[in-house]
Amino acid sequence: MRLLTSTRPGRGALIVSPSGADGEWAPLFAYVARRVLTTIPLLLIGTFLVFWLTAISGDPLARLAQLDVDQAAYDRIIELYSLDEPIPQRYGNWLVDAVQGDMGPSPSQGNQQTFDLVWQRAKNTARLAVPAFIFIAITAVTLGVYSAVNQYSKLDYAVTGFSFLGISLPTFVFGLLLQVVFGIWFFDWFGVRPFFTQGMRTVASDGWLDMIRAHVLPIITLWLVITAAESRFQRAAMLEVINSDYIRTARAKGLPRRTVILKHGLRNALIPLVTIWAIDFALLLGGAVVTETIFAWPGLGRLLLDGIFQQDLNLTMGVVVFIAALVVFFNLVADLLYGVLDPRIRYE
Amino acid sequence: MSETPPPARSSSTDVPVSGGALGNEVPEEAHLLDELEGIGASRSFGRQTWDRFRRHHLAVAAAVLLVLLTIAFILGPILSPYGFADQDFTALNQGPNVAHPFGTDTIGRDILVRTFQGGRFSLRIALFVSLLTTAIGTLVGAVSGYFGGLLDTLLNQVINLFLIVPTLVILLVVGVRYGATPNGIALMLALLLWPAIARIVRGLFLQYKEQEFVLAAKAAGARAPRIMFRHILPNTFGPIVVNATLLVGVAIILESTLSFLSVGVQDPTPTLGNLIEKAKGQIDTKPSAVLIPGGFIVAITLCVNFLGDGLRDALDPTARKS
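Heads up: the protein sequence lines correspond to chains C and F, in order.
Just so we're aligned: 25 in this note's numbering is position 25 of the first sequence, and the numbers increase by one with no gaps anywhere.
Just so we're aligned: 1053 in this note's numbering is position 53 of the second sequence, and the numbers increase by one with no gaps anywhere.
It is worth saying that the hints were derived from the structure and are not from the lab.
Treat the hints with caution; some may be incorrect.
As the list claims (entries may be wrong) - Derived Cβ-Cβ restraints for the label pairs, each shown as a range:
no. : chain 1 : residue 1 : chain 2 : residue 2 : range
1   : F       : Gln1282   : C       : Ala126    : 41 to 51 Å
2   : F       : Gly1203   : C       : Leu49     : 42 to 52 Å
3   : F       : Leu1150   : C       : Leu83     : 28 to 38 Å
4   : C       : Ile212    : F       : Glu1210   : 48 to 58 Å
5   : F       : Gly1203   : C       : Asp210    : 48 to 58 Å
6   : F       : Asp1086   : C       : Val69     : 37 to 47 Å
7   : C       : Val96     : F       : Arg1124   : 42 to 52 Å
8   : F       : Arg1124   : C       : Phe135    : 15 to 25 Å
9   : F       : Leu1150   : C       : Arg251    : 42 to 52 Å
What the hints assert, rightly or not - To be clear about the criterion: a stretch of chain F counts as covered by chain C if any three or more of its residues have a C-beta under 8 Å from a C-beta of chain C, and this derived list gives those stretches:
no. : segment
10  : 1133 to 1139
11  : 1158 to 1164
12  : 1171 to 1183
13  : 1272 to 1284
14  : 1292 to 1301
Each residue gets a CB set at the ideal place from its N, CA and C atoms; glycine is no exception.
Taking the hints into account, I'd like the entire structure generated from these sequences.
Next up, the structure:
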């Protein structure tokens, strides 16, 4: 049984059947329930993998050694985090608590509840992820469709060049470049800093203009790399569709070009992109480690790095579970969206 | 990765990098003549591939630039009067000057030689990752595509797993301890990147195993390993080489990203990524120390991507649908 992977519609768990009455919700619910249930083993393996790798990759007592503490302190820490138990058993303990909604305290963050920390940081991340995703979706589709419809035009080459550059430019190089250009050079030339390059410190105190100034650069950083990849993908999907027979038929019977491209073409060319969107949006919401590091943004990505560097198992696991849940959820949403875009797809 | 830019006839007109400077410029009519001659006389696979490849001027230029960069990365540290770990306490934290064209870092090491040595380590890691990933991915993909069954299901589940737990998360978790040396990080990347290649090879094997030449081989009494590696594998050569090339770019980006997050290769061993990590604190006063290694990373990945694209045209002409 395949789950989650269907990079193409109609593959995997989706069953296309021409017959089947409209308005029957029961198969849909059954489909959703089955999809969620079959994901559980994968979630268990994935979380165990991360738990195990985190536990073997670092020594949580290493920091104590530098503090010159006595044996009692060691024993207390070992007792507190059950470090003397085998890893599978520790994972079991964590899992039993986690499924009851208790993600445990986070030692590296002053023992705050992991769940609260993750939720609070997730909101900060969403402030970047949601607008970035909207811009990505709009520009990727526009560029992809436009360059496919005008294949081999100047603009098509420009879009292709842009895609190549975006794919080849690592996020951190681009982010640092933006910092240099807008944080240093722009100030040298014009004496003003149009955007903030560090953090969201002004968000609470100042007006909406400052809020925008703080968000612009990280959003552009997130936008470029993903848009480059997606617009290329959209162009390929659109080319495949507009070279197909039913588009020729639609043109031949004299439909306006706009209708043919947008209604007959785009609607079908969007289906493969929806899968990519699901993954990209989930990963955006799961925290952008690099972008948040560059712009000192207190989001989930930074939280994950903190958890890993501080050997904070509860914190690391909390963020990982959150990301995994996002991926599962948005993949499910994508599968359901196929049905909206292509009414032939039934969930059985 | 599915779509590639239009055929190379464009690159000579739109992009200033033309084949002329590289001695490969052939007028359009000459291509036609080549093509006509080719109809009568048979050309070898290698010859056809080369003819297709060299028309992709951008890819040829990228290949030449990559070779030049590699030579520079190897010769630079040899020719430089400084060693990449040598400290000069009389020249701390300098900007670009005559003695140190790229400046020095906070403990007086020459950034020029560190950049070239770093490029050498980064490229070495990337090549290692590409070879190892391709080897593992091809083997798993071949077996899973040819035999199907349990292994195939397992492969699918592994791919799903890496979707749920993103690669970067695992790399960060493991990299803290095991990614500190060039070989360690290369091994880590290869162990995480192979499912992508395996999926491609699996798809190709699924497609080829139903064809007549496989049936013929079976009828002649060939056993599974021989069919897989002598009969089917050569057909998958094109896509595998293209993806191995693109993997070099992926590996460079991932390696430098990990280094940037101070998870990767540790000081004093330089890579392009950890040079940027070291310099980013001084980005206000000395942006060149960030921009120069960054420029090298972009140059390498851009070249690798153009090269991969040219190779796709040359080796795998049917991949271009439109």
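Results for each hint:
1. F:Gln1282 / C:Ala126: 41 to 51 Å: Because 32 Å falls outside the window, the suggested range is violated.
2. F:Gly1203 / C:Leu49: 42 to 52 Å: This hint is violated: roughly 26 Å between Cβ atoms.
3. F:Leu1150 / C:Leu83: 28 to 38 Å: Given about 37 Å between the Cβ atoms, the range holds.
4. C:Ile212 / F:Glu1210: 48 to 58 Å: At roughly 57 Å between Cβ atoms, F:Glu1210 and C:Ile212 fall inside 48 to 58 Å, so the hint holds.
5. F:Gly1203 / C:Asp210: 48 to 58 Å: holds, 51 Å
6. F:Asp1086 / C:Val69: 37 to 47 Å: holds, 39 Å
7. C:Val96 / F:Arg1124: 42 to 52 Å: The hinted range 42 to 52 Å holds for C:Val96 and F:Arg1124, with Cβ atoms some 46 Å apart.
8. F:Arg1124 / C:Phe135: 15 to 25 Å: violated, 38 Å
9. F:Leu1150 / C:Arg251: 42 to 52 Å: With a Cβ separation near 48 Å, F:Leu1150 and C:Arg251 satisfy 42 to 52 Å, so the hint holds.
10. 1133 to 1139: Since three or more residues must qualify, the claim that chain C covers the segment 1133 to 1139 of chain F is violated, with 0 doing so at under 8 Å.
11. 1158 to 1164: Since 5 is at least three, the answer is holds.
12. 1171 to 1183: holds (count 6)
13. 1272 to 1284: Since 4 is at least three, the answer is holds.
14. 1292 to 1301: holds (count 4)
Violated hints for the displayed structure, listed by number in ascending order: 1, 2, 8, 10.
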